[in-house]
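Chains as they are written, first to last, in our numbering: chain A, 1218 to 1307; chain B, 9 to 122; chain C, 33 to 187; chain D, 12 to 548.
Don't read these hints as lab results, they were simulated from the structure. Cβ atoms here follow ideal geometry from the backbone N, Cα and C, with glycine treated the same way. There's no promise every hint is true.
What the hints assert, rightly or not - Negatives, chain A to chain D, calculated, CB over 12 angstroms:
no., residue
1, Asp-1219
2, Ala-1226
3, Gln-1263
4, Gln-1265
5, Thr-1266
Stated by the list, open to error - Calculated lysine-lysine pairs in the BS3-like style (CA-CA distance at most 30 angstroms, straight line):
no., chain 1, residue 1, chain 2, residue 2
6, D, Lys-185, D, Lys-495
7, D, Lys-185, D, Lys-334
8, C, Lys-97, D, Lys-334
9, D, Lys-192, B, Lys-120
10, D, Lys-495, A, Lys-1306
11, D, Lys-185, B, Lys-37
12, D, Lys-192, C, Lys-99
13, D, Lys-131, D, Lys-192
14, C, Lys-99, D, Lys-183
Each chain, written out:
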Amino acid sequence: MDKRTIAAAVFFSIVAVFLIFGALFMHPFGDPTEDDMDQYIIDNTQSQTGADNGVTSVVFDYRGFDTLGEATVLFTAVAGVILIFRRLKK
Amino acid sequence: MIYNIPYIAVVTLVLIGLYAVIMKRNLIKIVIGITLIESGVNLFLITLAYREDSVAPIYHGSGMRLMSLPVPHALTLTSIVIGVAVLALMLSLIIHIYKHYGTLDAKEIGRKEE
Amino acid sequence: MMGMSKIVKTMVSVALPLTLIYGLYIIAHGHLTPGGGFQGGAVVASGLAMLVVSYGSVWTMDRIKEKHLSSLESLGAFGFIGLAFLGLIFGSWFFNNFLLGNEYLFGMIGEGASNINTAGVIPLMNFAVGLKVIAGLFAIVLVMAYATSKKGGDL
Amino acid sequence: MNGFENILSDLLVHSPALIVAIPLLGAFLTPFFGKVHNTARNTFVLIIVLLTSFFSFLLVHDILVNGNIHTYVFGGGSALTSGGFAVRILFQVDGLNAFMAIIATLFAIVGVIYSWSFMKEHTGLSKYYTLYLLMIAGIFGMVLTGDMFNFFVFLEITSIASCALIAFYTNKGKAVDAGFKYIVVSATGALFVLFAIAILYGQYNALNIAVLASNIQFSFLDRIALVLLISGLAMKAGIVPMHMWLPDAYGRAPSSVTLLLIVATQASLYGALRMIFTLFGGQLSRSVNEVGGIEINVNLLIGAVLVGLAILTIFVGVLMALKESDFKRMIGFAAVAEIGYMILAIGAALTIMFSVNDLETSRLALNGGIFHIFNDALDVGLLFLVAGAVYYATKETSLNRLGGLARNMKYTTVFFLIGLLAVAGMPPMNGFSSKLIIYQSTFLVNPILSIIAILCSILLLAVFVKVFYSAFLGPKQAKYEKVKEAPKSMLVAMAIVAGIILFIGLFPDIFISNVVEPATRALVNSGEYIQYIMGVI
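Model the full structure from these sequences, guided by the hints.
See the structure below:
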């Protein structure tokens, strides 16, 4: 047991205690304390976006910019992987 | 208490992952740890979406029943794709590290770098 | 890696078209049923990954270059952001759903009915993202498999 | 004339979106230009960056001169729907965002100019420029967004792009290892951030920063979220317990990439500031806790922890820089120390605000901290550019083998001298003016802190004077007989940064009153940011 392991173990146990307490403080499963924003989306999706699938309307319309970011992340990863495995000599 | 069991599961997953990241020396195990944290967080997001007695937010044939929240579904989708991207990059770096050092042990690599 | 046995190859050649059609179906119906560009793209890409597994990465790399996949992916990404820019031009906001309410293409507002001609730009974006994800995931799998194969190495 | 002004005001409205969208568009198109010709691609990238800078300038100018706050709703419509939900993603830009946007714009331009000759000998340049533009877009997204989840997405774009670029020299095992270390730390940090976002979403069912800030109650779960947010972002900012990735990543990456990495690090720091001062800002001022009959002021606790970490960061950075013999890694450790100075100022501001209740001094400290963000980027950036130029000319980074370069690389030597004086906080340079403010304000917290900070600064000077003496002065070496001065594009890039350093060093007041003050004001008056969205005063 070197010093680094002990420090890591202490850090880990602190995180564990706080997270488990946090889980006990969460609202009961299946009964969110606040759901007004999502209820608004559910009520208005069809008239505002025309889509039948609520999740797709959020993904591509209400939070479309996130999806652009997400597509960019995948693009970045592909570019990165190809860059890493490129041929080094011209 | 019984209603908090999904959250306990989430925290357990996250903690197992965190344990692997900070305690393990094998690079593949570190990557598995990060993936586990990621699954925990995704599970947490999906858990937040559920309302009792609800159906998926698709209108056709739902019969005006209570629907689960759509935003966490969208966030989880984004987060999963990001996870795939990070995983791909980490694994390709590991392939290269193995080519250079012939080992995946973090300590061994540190020694060979000196 | 020279690929797997004949049985596996035959099975893949039977399963591959079905997988592709299923994936494309998921992409096309993204705004109506569970799924969408990402999910359908992942299905198609996994079908193509089957090809890599059964026939070997060198065989696949001889036929499909990662350069072309990368261009295809750029095209998909460009289509996606291009639709967003069209929203800025025709709908006066970036990412505006400018096709909604027109009479010709995807303009209808589907009141409960599963009509594919609905939801404005969402189906088009699904196609763009689908193309992107197919090309992107397949490129990642192909490049990583090629890099670890015996003959391969750097691209 | 009127039509032109109309177009300009239209562009101003759309500029927050375009600043991010144009580099993304450029990144998607770069591979096609790469097929045509190398020069065509480089020109295209430069045009994209200049176009981005134009919109950034338009936006920043309006914010700094007129004091407006800009919002942009993606998809259109008003920011809030009936009932007060921010359903769509918002960009919200105030003084602090504008300040960060200035740094990102400046370094994007300088980095692309520098890359022009610096990278030209390598293969895979199409992908390099693609990732470079993606990193620029990611940084801009991080510093402009007003939505928590959007922040996370851009955080990931930045870290994935920078990880791939850190491992650019794939023939060197150390570079690949540095990239792996970076991606592990930043992926873990980003997942912490996402976890915190999920906790906040589960409680308040909102993702917009302003909406969340107006609802937040500082319950037990909120505190866990705050700690997760700060620790996740601190990992990415390189504060001491998690600093080990930083010198490796800074040192092994190509210098042009390091330039953007500095900005990415500071964007994470900006995120932490935004979370502390805006998201939890309304609650922090009255968060007194009772634990077993003893009253604990949470803010004072945060301030004290920050000050402690900062001193540790400065100390570790300087000591490791003393021992290091690799040129770029040494500058990396100096960068760790410089980050410590920023945290020191912010911690001192929090401590003063809640212990002495002296708003004027705490504002001064914040001014110093924010000013130092800019100065640190410039100083460390210039040093890395010089190190890159030396590497380009000699293909050598070990200080033990470098020597006598001043004869053949005159301009580079001058730029190194400027960077050296600036990073150590010597009078005519910009580092002096910000560090002086930091010393003044920390003196009020505890004189010892201020003395330690000054001593470390002097040590830093000693470190770099040693480098200057051994690498640039000293006897002429036979193997560096034919070393040439760096190419023009690299000299231009260094000259831009050095010129700004000298300008700010000579006229710090102009800069502070026009750029730093609005940022500090935005940071302290978080109510403005929140109420602009909520529409209630």
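Against the structure, the hints:
1. Asp-1219: holds (16 angstroms)
2. Ala-1226: At roughly 14 angstroms from the nearest Cβ of chain D, Ala-1226 (chain A) sits farther out than 12 angstroms, so the non-interface label holds.
3. Gln-1263: holds (15 angstroms)
4. Gln-1265: Non-interface label on Gln-1265 (chain A) violated, nearest chain D Cβ at 9 angstroms vs cutoff 12 angstroms.
5. Thr-1266: violated (9 angstroms)
6. D:Lys-185 x D:Lys-495: holds (27 angstroms)
7. D:Lys-185 x D:Lys-334: holds (19 angstroms)
8. C:Lys-97 x D:Lys-334: Distance ~48 angstroms between Lys-97 (chain C) and Lys-334 (chain D) Cα, so the pair is violated.
9. D:Lys-192 x B:Lys-120: Satisfied, since the Cα-Cα distance of roughly 16 angstroms is no more than 30 angstroms.
10. D:Lys-495 x A:Lys-1306: holds (24 angstroms)
11. D:Lys-185 x B:Lys-37: holds (20 angstroms)
12. D:Lys-192 x C:Lys-99: holds (29 angstroms)
13. D:Lys-131 x D:Lys-192: holds (27 angstroms)
14. C:Lys-99 x D:Lys-183: The hint holds at about 25 angstroms.
This entry does not satisfy hints 4, 5, 8, going by the numbered hints stated previously.
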